[in-house]
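Chemist: Now for the letters of each chain:
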Amino acid sequence: MSEFTLNARRLLCPLPVIRTQDKVKSLQPGDILTVECTDPGVMQDIPAWCRINGHQVLETRAGDGEYVVVLEVG
Amino acid sequence: MSQQRKAVALISGGLDSMLACQTIMNQGIHVEGINFFTGFCVEGHTHAIRKQDADKVKRNNALWVAEQLGIKLHIIDIIEEYKQVLLNPKHGYGANLNPCLDCKIFMVNKAKQWMQENGFDFIITGEVVGQRPMSQRKQTMPIVAAESGADDLLVRPLSAQNLPATLPEREGWISRDKMFGFSGRSRKPQMALAKEFGFADYAQPAGGCCFLTDESYSLKLTDLWQARGKRDYDLDDIMLLKVGRHIRPRPHFKIIVAREDGEARFMSGYKKEFVSMHCASHRGPLVLIDGEVGEDDLALAGQILARYGQGRDAEQVEVTIRDRAGAERNIFVKPLPAEQIREEWFV
Chain A
1 MSEFTLNARR LLCPLPVIRT QDKVKSLQPG DILTVECTDP GVMQDIPAWC RINGHQVLET
61 RAGDGEYVVV LEVG
Chain B
75 MSQQRKAVAL ISGGLDSMLA CQTIMNQGIH VEGINFFTGF CVEGHTHAIR KQDADKVKRN
135 NALWVAEQLG IKLHIIDIIE EYKQVLLNPK HGYGANLNPC LDCKIFMVNK AKQWMQENGF
195 DFIITGEVVG QRPMSQRKQT MPIVAAESGA DDLLVRPLSA QNLPATLPER EGWISRDKMF
255 GFSGRSRKPQ MALAKEFGFA DYAQPAGGCC FLTDESYSLK LTDLWQARGK RDYDLDDIML
315 LKVGRHIRPR PHFKIIVARE DGEARFMSGY KKEFVSMHCA SHRGPLVLID GEVGEDDLAL
375 AGQILARYGQ GRDAEQVEVT IRDRAGAERN IFVKPLPAEQ IREEWFV
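Residue numbers (our numbering), protein chains in the order written: chain A, 1 to 74; chain B, 75 to 421.
No lab work stands behind these hints: they were computed from the structure.
Do not rely on the hints blindly, as some may be mistaken.
Unchecked claim - Among chain A residues calculated to face chain B with C-beta under 8 Å, some are: (1) 10; (2) 13; (3) 17; (4) 18; (5) 30; (6) 34; (7) 45.
Claimed, not checked - With a straight-line cut-off of 25 Å between C-alpha atoms, the simulated DSS-like cross-links for lysine-lysine are: (8) 164(B) to 212(B); (9) 25(A) to 186(B); (10) 304(B) to 164(B); (11) 212(B) to 25(A); (12) 184(B) to 164(B); (13) 25(A) to 184(B); (14) 252(B) to 262(B); (15) 23(A) to 184(B); (16) 80(B) to 262(B); (17) 316(B) to 25(A); (18) 146(B) to 186(B); (19) 146(B) to 184(B); (20) 269(B) to 252(B); (21) 269(B) to 316(B); (22) 23(A) to 304(B); (23) 80(B) to 146(B); (24) 262(B) to 146(B); (25) 269(B) to 23(A); (26) 262(B) to 304(B); (27) 345(B) to 304(B); (28) 80(B) to 157(B).
What the hints assert, rightly or not - Label pairs and their computed distance ranges (CB to CB): (29) 290(B) to 3(A): 22 to 30 Å; (30) 3(A) to 187(B): 51 to 59 Å; (31) 392(B) to 72(A): 28 to 36 Å; (32) 414(B) to 3(A): 57 to 65 Å; (33) 241(B) to 56(A): 36 to 44 Å; (34) 401(B) to 36(A): 34 to 42 Å.
Every residue, glycine too, gets a C-beta built ideally from N, C-alpha and C.
Produce the complete structure using the sequences and hints provided.
Modeler: The following block contains the structure:
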């Protein structure tokens, strides 16, 4: 298991989802990806994308205009 | 045992594609969704930017539809490739800069490529004969099938009974009798089918999903091309056309005035790409300046900016000018009276 970070700041949905999707394609099951964003829409969209594609959201957090989603690749 | 057939569905997030998917899934076909992001999609952006929309649900309808259906959704970034569709549409534009027929042909073609690369058997869309004035007419639907290269691998389950039989029907993968013969602009058949399928919630149907159908947006894009002397754009250009008041007081520059805090926050992310301004002595909006400007231009931009701040009735307003490198300096301007901001300046 490896940990990765994706900078998706300044991107508006669905671009953070697209970048997450593209990054996950290069990862292995069990890898952890932290996605850092500024669009609050990611708090709904990335978890929804994870649910339909078999990945698990481990944590979401928001503060100071930043929105972070941590997911485990399924 | 017969082979499990697989279909890729164009998912817009609206009701029709949702119904089309369910219709085919009910026939035992494995369906996955595909959604294309052109950069002009209305969904999400304005809600995300504008503070006044903060209470609106920020769900992405395509993802939501996929989740309701229990299918995978693949969102594809086609921003760069889409330029050729918008800039050189073979079939022309609709009422504004919307190249709907070329757009549909392009997307079905992309879906066909995806289908071939991923081992799927056919394509489905939520198109309904006669529903849209440009891309969903009886005469144009065969054009979409032919020019996309999808031909008889393109199934429109909601209108299938009005159209020639497709290969999946002829091969017996799906039954024509279990599809529909919807036509025209009425939404009643779709709403009845939604009820039958148990879909109580769905995005408001028909239209409004693309900024290119919007007259105001199209005028701003045309203005951008005229000012630059070439028809081209990048993602930042088309994002910024979605926010602020766009005012062009002189042909070689325009100013973008934030209308509220959410827009100002979004526009702040562009301070390295644009000269920006804000009021130092009073509360007022953030302004970005698009174009190469001299001192006289900056003074005029400052006067317009001051007009939109709380110092609009003051004798003078102190304005901070920030260059792209971050260096700041202040100037004093007299706010421009409302009657001197000409109507033709507003893009």
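Chemist: Against which earlier hints does the structure fall short, listed by number upward?
Modeler: 5, 6, 11, 16, 17, 21, 22, 24, 25, 26, 28, 29, 30, 31 and 34
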